[in-house]
Each structure stands twice: as C-alpha cells, then as structure tokens.
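Colleague: Residue numbers (this note's numbering), protein chains in the order written: chain W, 1 to 494; chain F, 1 to 647.
Just so you know, these hints were derived from the structure itself, not from any lab.
Keep in mind that the hints are not guaranteed to be accurate.
Listed next, the stretches of chain F that the computed footprint assigns to chain W, with coverage defined by at least 3 CB atoms under 8 angstroms from CB atoms of chain W [unchecked claim]:
{"no.": "1", "segment": "127-140"}
{"no.": "2", "segment": "162-174"}
{"no.": "3", "segment": "542-556"}
Just the calculated beta-carbon pair ranges, DEER-fashion [said to hold, decoys possible]:
{"no.": "4", "chain 1": "W", "residue 1": "R378", "chain 2": "F", "residue 2": "R350", "range": "47 to 53 angstroms"}
{"no.": "5", "chain 1": "W", "residue 1": "Y446", "chain 2": "F", "residue 2": "A523", "range": "33 to 39 angstroms"}
{"no.": "6", "chain 1": "W", "residue 1": "R378", "chain 2": "F", "residue 2": "P531", "range": "34 to 40 angstroms"}
{"no.": "7", "chain 1": "W", "residue 1": "Q458", "chain 2": "F", "residue 2": "W22", "range": "19 to 25 angstroms"}
{"no.": "8", "chain 1": "F", "residue 1": "L553", "chain 2": "W", "residue 2": "R102", "range": "31 to 37 angstroms"}
{"no.": "9", "chain 1": "F", "residue 1": "P253", "chain 2": "W", "residue 2": "G324", "range": "27 to 33 angstroms"}
{"no.": "10", "chain 1": "W", "residue 1": "A365", "chain 2": "F", "residue 2": "R148", "range": "18 to 24 angstroms"}
{"no.": "11", "chain 1": "F", "residue 1": "A267", "chain 2": "W", "residue 2": "R51", "range": "48 to 54 angstroms"}
In this text, a Cβ means the ideal position worked out from N, Cα and C, and glycines have one as well.
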Amino acid sequence: MLTTAVLAPLAGALALVGLRVGERAARWLAVAVSLVPLAAFLAAWAAFDSRSAEQFQLVTAVEWLPTVGVGYRVGVDGVALAVVGVTTVLFTAVIAFPADTRGRARPWYAWLLFLEGVCLGLFVALDLIVFYVFFDLSLVGMYFLISRWGHAGAEAAALKFFLYTLLGSLALLIGMIGLALAMDPITFDMRELIAAQPLAGAGHAVLVLVALLLGLGIKTPVVPFHTWLPAAHVEAPAPASALLAGVLLKMGAFGMIRIPLAMMRETFAAVAPVLGVVAVVSILYGAFVALGQGDIKRRIAYTSVTHMGYTVLGIAAAGGLLAGAEEARALALTGATIEMVAHGLITGALFLITGSLWERTADYAMDAYGGLADRVPRLTAATVVAAFASLGLPGLVGFVAEFQIFVGAFAVYPVLAAVGLLGVLVTAALFLQLLQRVFLGERSGYWDGLRDLDAAEQGSLGVLLALTVVLGVAPAPLLDVVDAGSTLLLGAAG
Amino acid sequence: MLWLLVGVPLLAGAVVWSAERWTRVAARRLVLGAFAVAGLLATLAVALWAAATDASAAHTVGGGLRLLADVAGPAAVIAVLVPVVGAPIVAYAAAQEPLDGLGRLLGLLTAFVGVMELLVVAADWLTLTVAFELTTGLSWALIAHEWRRTSAARAAAVAFNATRFGGLGLFLAAGASYAATGSLAFSDLPGVAGGLLDVLVAGVVLACAAKAAQLPFAPWLFAAMAGPTPVSALLHSSTMVAAGAYVLIRLQPALDRVAWFAPVVIAVGLVTAVAAGAVALLQAHAKRLLAASTSAQYGLMFVAVGAGYPAVAALHLVVHALVKAALFLAAGVAIRAVSSPMLGRMRLRRSLPATAALAAVASLGLAAVPPLGGGWSKEAIVAAAGGEAAWLALAVVVAGALSAAYATRFQLLAFGGSGGSGPPPPRPPLRTPTSTEQAAIGLLVAGSAALGLLWWRPAHELAARALGGEVPAGEPWQLAASLTVTVLAVYGVWALDRRRRLGHVGTEGRSAAAGAWLGLPAATRHLVVTPALASAAAVARFDDHVVEGGVRLVGAGARRTAGWLADGVEPRLDDVVAAVAAAGQALASASERGAERAVDGAVAAVAWLVDRAGADARRSHTGMVHHQFVVIAAGVVVVVAAVALGR
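Pulled out of the complex, with its shape left as it was, chain F reads as follows:
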C-alpha cells in the first residue's frame, strides 16, 4: 500500500500530461491544474495514512533484489511535506505558465513529487538509487522545459551531469554495503565496518553534497534557474535539493560511526553557508539570489547533521521549504510583472501590494526573525553548533547574519517602495497575479507563519520526536548574540537602501563577478568541462590515427607482403611451374597432364588469394570464404593428426 505514495502522483502526472490532448484550450488551465492538484491531494492523503500507520512495503524485483520502503525516522514528516508544498506550486503553475507545453510541465511536476516520495520512503540502496537518479532525470526535463532556448537545454545538462556525478556515490555506497553484508537494506547498515564503511560514507556525502548544491557543486543550481519559476520553487523547497539534505538526515546514525563524517559535513556546510550567503548578497538576479540562498540554507542543515542533530536539520528543511517555495512564487510574479528577472527594476510594493505583503512575511522567515519558524530552527542550529564548539556557533551566527541581510535585500529590491532611491518604479501595464497565484503564495506563507509555533517548547519537542530526534539545549548568550546580529544585519541593509546604495550592488564590476558564484562556474568550465571535451576530441583523434593507424600499418604490411609475393615470388613460382610443366610436357603422357594441371592450379590459386586479399576488395570475399573452409579443414586435419599421434 505504501507504494501508492509513489504510484498516485506518477499516475496523476501521466494523466495530466496526456489530458493536454483532449482538453479544449479555453478550459485547459483549469482542467490540467485541477487534475494535478487532485493528484497531489490524494498523495497527501496517502502520506498521512502512511504516517499514521507507520506503513512499510517490500517489492521483489527478481534475481534476489528487493525494493524496500518504510516511514521510519524523519520520513513520515517529509512525506507529508512534499505534497503540501507541491500542491500550491502546481496550482500556481497551472495559472501562470504559458499554455504551450503546460500539460508536460504539470505532468512532470506532479510526477516529480512521486519520485521524491520514493526517495523519502526508500529503505534500501537500490530504492534510494532509483529515486535519486530519477529526480536527476526529471530535473533535466523540467529545467529544459523551454527547450527552444539553447541556454535552457545546456543548463539542464549541467544540472544533470553535476547531480549524476554525485549519484555515482550511491552506487559506491550500495557496492560497499553489499560487499560487507550481502544486503542492500538500510537495516543491515550496522554490519558495515572498516574501510568499506569509509567508502560508504564518502559515497553518501558526495551524493548529498552534489544534490544539495553544496560546494563545490553549488553552481549547478544557478544553471537550474533556466527552468520555469514553479520548477525552481519545487526543486529548491521540498524535492531535488532537499533530497541531498534528507538522505544525510535519514542516514545520519549509520554515517556518524566514521570519525571524519562530522567534521567533513560541518566544514562543507559551513563554507557553503557563508560563501553562498555572500553570493546571494551580491546577486542582482532575483531567482539567482534565491538559488544562492538555497545553497546557504542547506549548508546550515549540513552543519546541524554534522553536529549530531538530524531532527533540527529536518525541521529547518520543513521551515525552509515553505518559505522558499513562497519566495520563488512571489519572485515569479515580480518577474512576470516587469518582464525581467533583474532586481534593480522591480520595487513593486505600490503596484502589487498583496504579493509584497505576503513576500515580506516569507522574507522575514528567511531572515530568521522571530516569531517566525525560520527564526527558531536557525537558533536551534546555532545551539547544535555550540554543542561542538563556541566558535562554530559564532560561525553559524555569521552565516545567519548573511541570510538576514540577503533576505532583506531581496524584499526591499523586489517588493520595496520606491522610497526615493533606485530607478523609478515600472509603469503600467504590469501583469498582475491571478487569485490562484495569490492563493498559492498565501497558503505557503500561512504555513510558514504557523510554524512560528515551534518557538513554543512543547511544539518543537513534539516535532523533534516525530522526526525521531532531539533538540539541543542552547545557551542564553548564543540566542542573544544571534538575535542581535540578525537585527543589525536587517537594519544595516535597510539603512544602505535609505542611502540609495542597494540597487547597484551586483550589477557591475567586482560585485557582479563575485555574485556569479565567486567565479566557480567559469572555473568549472575552464578546469573541467573544456578540458574534458578537448581531451575527448583528442582521444577521438588518437583513436582514428594512432590505434587505427596501428591496424592500418599491419594492413599495409600485409598488402606489401602480398605485393611482394605477387610481383616477386609469383612470377618465379610461375617459372618453376612453367619449368615443371615444360618438363612434364616433355616427359609425360596424356594421363600425367591432369596432375600437372592440379599443381599449377593450386599454386595459382594461392598466389591469386594472397594478391587479392590486399588489392581487390570486391572479389576477395569469395577468396576469404574459401580460405575459411581451408582453415576449418586444416583445423580438422590437425585434430585428426593429433588424435592419430596421441593413440
């Protein structure tokens, strides 16, 4: 029954895609959107049922392989989260995206939820690898949705290759697990030890870092911005990128048995959180700012996992999912309104007051301002880090300050008032959002506001228990320091804006270069992609000229030998034959002539064969087939002779 969690959205996706054909254009948005939302609501119902009954399932693939699924640990909560976030996003997409290819877009989005659910409930390496690779494949199709733009197709390939490289880590982990225990089930993970455990952990960390857009893989998320806005909203909040953090959260108890796991994960997460925070602060492109912020927030989750509090990371994942989905959808509204993704042209508070207000709540959540849920989960991460070392808590506070700063910057530039600063506000006609779009954003914002309950101790203890973990007890100075720094950061950006200094950041010069992921995409291009393609071309030439050349050399040698035989030896053979023939003619009677002809014929045949092999392709095949049977015959003769001798 648990497979319904996967099957329902996959089926709904297929129905939505095919429904595009038989719906009238006028009704298409409504029908397709309704199907997609209904499919996800049904998925939600299954998820709630699974969470309530602690369901599990097994499916025999054959050949001794099995697919296993359960809702252990954080799975139940995340399984509910995915359709909760997905439903408003598909509704928004149905209302906003162009009709051309709408069925495909909605179908793939719906199916993506199913694949993510498979990943969430996976309880063995085969299931996890299947789901992980399927998210990679579907993300390619979604990012390349506007396939007529070459840049979109290329960006899709970048995202695919980066996350597939990570996915190879899961193959390694599966191999290590199987080699150690003869099983692929997570329940047998305690049996893995020694060097194989190191390989397993390394594989999982690689896979998760790539998927969760951590350094050095973070830039693929920028490329992914080529996809439509709802795609970004879904990928960044509760699916694709979330998958990286989720797998780490789910497997943390098994992975933490390796000493280097915690330091490595903390280091990757912290460096990404700070670097991506800086990038987001400098980005002038609305969606890219949010994308960098995604990397940064998942970096914080990595820190929490490394510090030994996967439940805190899971709660931050939930809070972030709602906030980030809302912000992407709001950004989509803004981008459509001004027909440009550049933050410098927006400032839409007057034009789109409702969207601006909703976005403000979400931005405050991203900035981790109390009493919103984002504030609580960030403080919990600070406390978790403080359990490791005081400096680590301070480093997380710094990363948090960056979040507060870029969230404020996003809000002011996208949905701030003109305030006398920056370029003049755009003029009508602006495209205003439909009520469906507003409602979708509103639902997500309401959800994220409701998560403010987490500040209440019984609530967050209940949530942590539901996730199968616990919450760290922080120290008062950490909370005080963190809140002070957050407020200062928000104020600082606001003050900067008052002095009309905010709109120019990231549009030119050094800040623009830094905003382009600190030059990492260019570095990747120059250090990985271009050399790989160049070496592929070089190897191809090598193959054509050197390897093939060797073969050709042998061929040429054979031809020359054949020529030598034909020109040098054959005439002499002919002479011999002629001499024999002459002698035979002179001496023999008519009965001897037959034998002489046979010798002559055989010699000529050999010479002819050698000659033709090199020179005349067209007629040689008959010669070669003939040759074949000579060889078979020779083989049989050898065998018979050997038998005869052996007995």
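One chain only, chain W, in its complex shape:
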C-alpha cells in the first residue's frame, strides 16, 4: 500500500517523460496519477489501527545491502500517517492548480510527480539510508522546479537552496552513520535503532545529535539557518512554493521526531532546552521579520519560520524530560504533528493564492493593492480564511495545533511557552495588516479589470481550505491517530 503510494508517482513521472502528450493531457494524467497515492493513503488510514500497541504498522521490509544493514523498509505510525495524508492532498491540489508551465508541461508535471514520490518515500521510510536518499532526491526535484520555472532570479536562488540544504544533508548523513556504527551488528533499521537507543551514555552522542539536528534544522528551517527560504520562495513559481513550504519543510521537523527524538532519547533530553530556545527565537524572529516585509510572498515565507518554530517547540518539549508529565509531552508532540498538517494545508493555500495574484498582476508588493474585496470576492474570502487559519483562529485547524503545543509545552518549559506565545500575537498583527492593505480600504481604478478565481483555482483552494475548516471543527479522526502515535513514540522509548 505504502510502496504503491511511493512508486506510482515515480512511475507516472517516467511515463510523462516518455509519452508525447499535450499540455492538457499531461495535466490530467498527472492529476490522475496523483490520485493513486491519495487513494493508497485513504486505504492505509482505514487499515491503520490506532488502538494497537504496535508503533509501526503496514510494514514492508526487503533486504538490500545486508552486510551493512541497509534495507528497503517502510511503514507508518500515527505521526507519519498524518504527514503522508497532508502530502497526498497537497500534491493533488497543487498539480490540479492551473500553472504557467511555459510550454514545458510534461517536465513540469513529471518533476511534480517525482517530488511527490520522493516526499512520500521519506515519510514512510523505516531505514535511515532510504530516508537519506529521499531527503537528497527531494532537493533535486525542487531545484529543477525552482530554477526552470521560477522568476527572474530563480537560478541563483535555486542554487542557494540546493547548496545550503545539501550542506544540511551532509551533516545529517554523518549523524546517521554515527548512529548506525554504534549498533552491533551494524544496521540502519529505524525500528531496531529506536529499540536499542544506541548512543545512550556515549561520549560522542552529543556530537551525533548536533549533526542530526543541524541537518534537519537547516531543512525545517530554524533561525539562523533560514535565509535560503525567503530567497527560494520569492523566486519559485507559486505551486513549487506551496510544496516547498507545505511538504518539504516538514521533512526537517518530521526527521527530528523520527530520528533524534526517537533514537537518542537521553541525549535529546539534555539538548532539548537549547532546541527549545532555538524554536522560540525562530517563532519571534520569523514573526517580526515577516511583519517587516512589504512583499506578500516573502511575508508568508517568513511566517513558515514561525510556524515551524511552533512545531520544533512542541518537539523539544516532548523530548525534554525522560519521565514525568507524560500526558503534557504527548500533547505537545501531537500538537507539533498537527501543526505540520495545518501548516501544510494553510501555507499551501496561501502560496497558491499568491500564485493567483501573480498570474493576474505580476506584482507581489502589498502596497500595490488595496480594496480588492468587492472586485475579487472569492479570492478575498479564500485569503481571509487562510489568513485567520494561519493566525490560529479557533474552528480552523491551526488553533488546534497551537493550543496543544503551548499547553503541552508549558508543563515542560513554562517560560519558553509564555515567550513563544507572543509570536501568536505578532502573526495575528501581520496577517490583519496584509488583509487590510490588500483587500480592504479604497480601491484604485487600476484594478477594475482584475479577474476573480476560476473554477480550477477554486477547486484546489476549496479542498485545502475546506480541510482546514473540517479538521478545525472536528479534528477527532486526525487527533486520535496522531495521539496514538505520539503516545507510543514517547512511551516506547521511555
């Protein structure tokens, strides 16, 4: 099931390279292919038993390089299943979203499908090398999407993105090898590593942990390793931005949960306060820098730093203690996972909205707009919902995540949680300012001809925003699965 979800889009990508089809056909083919992982996810969701005491379910394992303990091993726990879900939904929405492919429709859709397979492969990986390979392949896919379909400065931004995150992945590889070498016999099997806690008490455990966190932190990104993010977002075409923020950033935070938190519990608990401080700095710094941006897309890009900061705070709190406050820590970890889902849906929608604006006006400057609300009511409504979701209004999924993270984190790091809360306030201020400047107030006649969202745009945005509402009002199906995962994750290692 999971393997199908990974391989179907990769096969679809190959097929698109081989088949000579037109733009429309390519798009519909890609949409159809992207429905396969979505269906596979729904099947996996149905098959997943959140009451089971087994952490990883739907496991497939095939030996690959037995001498070094590398194998194709995939499976999911509650955390992974949630992230897989948002990945499949967001990819389908983005692929269906009308994009300017500049006459190169087949490679565009091929790269999107390639990226989907790679992302799903990472989230279901239960082997460090499989994880690493997909981690790096994602760079390749995103590099081409940005450099070939981006705006004017795309080549440089794409290269910066590539080099910077490659640096991160090298650090990650060193950390992984450090983990695997401590096993006897050597293995990259995540389940064995989680059970064994290989480096507990070892002198160089901190170095390994720092290497892992550096690698994953660059990808997340946390301040001060975030500067590749705005550059990449500003130059990337909007659908690529939506995927970069919505899915690729999750690889970093998801990796933190999967590798250091799960496999190096003792060392993680020692380093967690530092990670917590980094998270709070990311929250506040990201929010303030976002408030200082006049460019809509950069502003949204920096809010990703804030939101991923919430996630990292939740992860730090979850792993901050070896014993005690179990419920609160599970709550924080569940919140961190829900935040990944929420951020994927919401920021994905926000970036698609910037794409719709750019398609019409080729302008990202906030001050260029004003009073668009009655001219483009559907675009306005979509933005208002997405903005309020992003600033954490109850009834929308972002609030669920933030409430869990802050309430859970408070039990472990009360001061950090209290300071981090200010980020919620600044985020609110910056989104209200954006709404006010772009959509409210007086409209100049210049925008009289602006078109509202068309059916395809409404479809993609509608799905994403409907999910933010549904999961905000009735999050039970999502929460139960994720909560089972985080409880087992913290319990199994404790």
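Position chain F relative to chain W; hints supplied.
Modeller: Chain F in isolation, oriented as in the chain W frame:
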C-alpha cells in the same frame, strides 16, 4: 443538547448571511431581520430550557481533549440575557443599516450571540479559549464591516490585537492548569496551587482586563467605534466587553485563592472607573462618550468581583447591558438624524420626542438614579467596596458621581431641548426612526425599568441566589452619601448646561485632548505600535543584510577558493598532468594510454566541479547531482571500511 445554545445562533447567522442572495431587495430588510430575530428567539428558548434543567454537555474533540459546558453559577442568567439583548439589536440593525452588506452584518451579529453563549457556558479552558478567540475574530469582522473606509479596517485590527494580547493569558492559564492537574476542566481548578496558580490568575486577569476594556487596554474600545452602531450596542452590552467581566465573575471562587487577586482587580477596576468616567465627561463624540462609560461601568464590576461579591457584579452587568444597548441604539438614531456623531450638534428633544423620552429613562439608569435598577446595583457595589474599606466605598461613590455626570451630559446634549443654550437645533429634513427602531429601544428601556424591582429585597435576594452568590449588607451612611453625591452631580451638569457651558466641553483644547482617552491611544501608538513596526522593519533589514550577509560571505569565500583553485591550482595541476602525460607518452605503450586518460579526466573533472560551483549556476546542477552520488558512494565506502576494520 446544551450545544444547541451555540449551534442555533451560528446556524441562524449562516442562514441570514446566505439569505441575502436570494431575497428581493424590497423584502430584504424584513426577511433577513425576521430570520435573525427568530434565530435569537429560538436561542432564548434554548437558554431558558437550559437554565430550568441545569443542563450540561461534553463533547470529545479527540486526542484526549474534551469540550465541557454547563450553566453553573452566573451562567444561566447571562445565557438568557445575551439573546434578550441581542434580539432588539438585530431588529434595529435590520431596520436601520444600509442594505449593502446587511446580510453579512445581521449574520455576524447573530453568530456573535452564539459564540458568546459558548463563552458563557464554557466549563473548561479549551472551550473558554475557543469562545474567547472567536469573539475576538468576529469583532474584527464586525468593526471592519464598512471595510471600504481604511480607518474602519485599521480600527478593527487595533481591537483584534489588543484583545488577542489578552487572550494569550488564557493560553497561559490553560497551560498552568494542565501542568498542575493534567486536566483542563474548571471542576479541577481547586487542584492548582503554588506558582502555577499565580500564573493562572495572572493569565485570567490579563485576558479579562483586555476584553473588558480596562486600563491599560481601554482605548481599543474607542477604535471599535468605527463599527456600525448596532455592533457597538451588542459588543458593549452583553457580549465582547461583557465577556471580560463575565469570566472574572464565573471564575472568582478559584481566582480569589491568590492573595494579590483582590487588590489587583480592585485597583484596575477603580482606576479605570474614575479615569474612564473623566474621559466620558469630556468626550464630544456621542458613541465615544458611551464607550468610555462602558469601560467605567465594567471597572465598577471589577471592584465588586475584587471585593468578593461576583453576584453583585453580575447583576450590574445585567442592568448595564439593557441600559447601554438602549443608549447606543438611541445614539444611533440621533447620529443618523443629524448625520454627525458630534454631541454639540444634536439637542433633539423637539425633533425626536419619543426617542428622547426613552433615552432619558436609560440615561437615568446609567446615572444610577433610583428607582431604576442601575441605582440599586451601583449602591450594592458601594456596599461591597465598603466591606473592604471605607475609603474604597467613597472612591466608588466618586466614580458613581462621574457616571451620573456624564449620563446627564449625554442626555442633555443629545436629547435635550435647545433651552437657549448651545448651537441652534438642527433643521429638517431629519431622518426619523422607524417604528421597529423605536420598538427595539422601547423594549430595552422597558427591561431596564423593570429591573427597578431589584430595590425590593426579596427580588434582589432571589436574583443573587440565581447567580450563585450573595448581596452585601451596606451601611446607611454609604447609601445616603452615594445618593446625595449622585443628585449633586446630576444637578451640577444641569446647572452648567443652563449657563450654556456644556456644549463646548471636549471639542477643543485640553479637554478635547483629555477626552481622547487621556492621550493613551497616542501613547500606545508611539510607545508600542510604531516601535514594533520599526523594529520589525529593522529586523527584516538585519535578516537581509547581516544573517544573509554571513551566508553570502561564506558563499563568496567558497567562490574565491574556487577561483583560486581554478586559476592558481588548476593550471599547475594541468602542468603536473601534462608532465605525467608527457612522461607517459614518452614511455608508455598504447595500452597505458587508457589509464593516463582516466587520471587526466578525473583531475579535470574535480577542477571543473570546483570551478562551476561558484561561477556557473546554470550548469552546476549536473555537477552537484553528480557530487551527490560521489558523496553517497563515499559514505558507503566509509561504512564498508568501518565494518571491515571493526571485524
């Protein structure tokens, strides 16, 4: 079933908003208004049922979280109050507000009642936080209703940010509660102790002070005046602002376990009551005068809660809700009549005699003149304060005198006769209120007059019991002093008006500056907003130049290294290669040529790779991908080597 209390108005709001599309313009006011009022009457029915049956409800959110609701303590009475006040207000709005966006306005007003009901019945921190934040969000939409005015949009953001800042206090309280007891339910609050209890109380006080427009947050209520009049009427009477006082009233038994709770709440309330009273006395803008008065009245409720009599605060909340809603609606009529919100241009007694008479009753209620209910609840607050200290009772008497003064001033300026003073009365054509508007005001005034029953001992004892509290036994001197001062204040303002001195207050000079919330909005702007925005811009520049600069420096260094390798090292490598090649050429046979080519090629490839990384973005990716696999291969080699060595 208790969730119907929330669900009915939310659904009604959605129906009203969408009904705008399919109703004919001619029938729109009637249809939308009827839907909205019907929705609120249904809500009232549910509230009465809930109060009668002492209903409670629980809803599992998932992941161990639950939403809890009950009608314990003051909840039953307030749950009934909200739709009672809301229904006349939506009827008035349907009759008066512009057709453009009427569905949205009525829909949001109706939905607001539902969100407030959720807040009223909330029995755990999650439910309370959800409701609290939703009122903040909906208030943004309502204040920004006339969104084409930039000032309205900006004012909505001010209100949102101020009350959201307070809302963060509830997150803290929830965190503290959960950390202490592993539960979010109010029923587990007795288990919270120590430093966590201090955090919890501080969080709740912060949240309530911001929501109830107490100092230093009071000025957001001025900004909120950018919304339509019915919005102000609803927000100030029984919802938004009331939420701040209500939460304090409901949680008082849990909060009062901290020694500093009572003094802090009394201090905040008293300072706000006096300062806001002075501001109201000096305001020349009709709605702002009423807004300042709202802050002042909620300040008195804070004093009552701090003094240990939450039931008295709740009764004052009920009395104030009816009076203030009526006064805002009357002010709306006056503002529409003269097309200006400035009090100096009104004096509408002759033109709008019925509205003026209704407003007079409400104003007397605000002035706390017996036998109106407002008089009783204010005297009860004086008595409650007297239980703490005699000076506190006197301070409340002073605040009460200010209420009497500004209420009188409002009535004389807005609905007084020309009396030979002030500017000439406005000429026709005046816009006169429809019968719906009159009826709405009349209902609210009738309700507030009926509350005069509270002076009757069995009535107020029954009411206090219904609210789950008791009434303080005041001392005779307090009542005598309070009534004397109230009468003097009313007379003083009236006498001032006779000397034609009232109309000019607050329109210019120092009194105008003081009327603008004693300069607090400007101070907030200069001390908080502008520095925050400036620092955001500065941090953004810092991020672009310094943090990013560091990265760029590394990049530049790498490029320079690459350049050095390419220009300095590579030719030399080439020389070496050439030399080797030459030697090889000279010495080797044809079979050796293959190996030589491989070495040459590898060296050239490395040099090419280093060179391209810095210089040529376009072609480097192939190099980097290649690099990737080299790295993977290298990693595998390291691993294999390690295994080999380790065994």
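Colleague: Now look at each hint and say whether the structure bears it out.
Modeller: Now for the hints, and whether the structure bears them out:
no. : hint                                : in the structure
1   : 127-140                             : holds (count 7)
2   : 162-174                             : holds (count 6)
3   : 542-556                             : holds (count 6)
4   : R378/W - R350/F: 47 to 53 angstroms : holds (50 angstroms)
5   : Y446/W - A523/F: 33 to 39 angstroms : holds (37 angstroms)
6   : R378/W - P531/F: 34 to 40 angstroms : holds (38 angstroms)
7   : Q458/W - W22/F: 19 to 25 angstroms  : holds (21 angstroms)
8   : L553/F - R102/W: 31 to 37 angstroms : holds (34 angstroms)
9   : P253/F - G324/W: 27 to 33 angstroms : holds (30 angstroms)
10  : A365/W - R148/F: 18 to 24 angstroms : holds (21 angstroms)
11  : A267/F - R51/W: 48 to 54 angstroms  : holds (53 angstroms)
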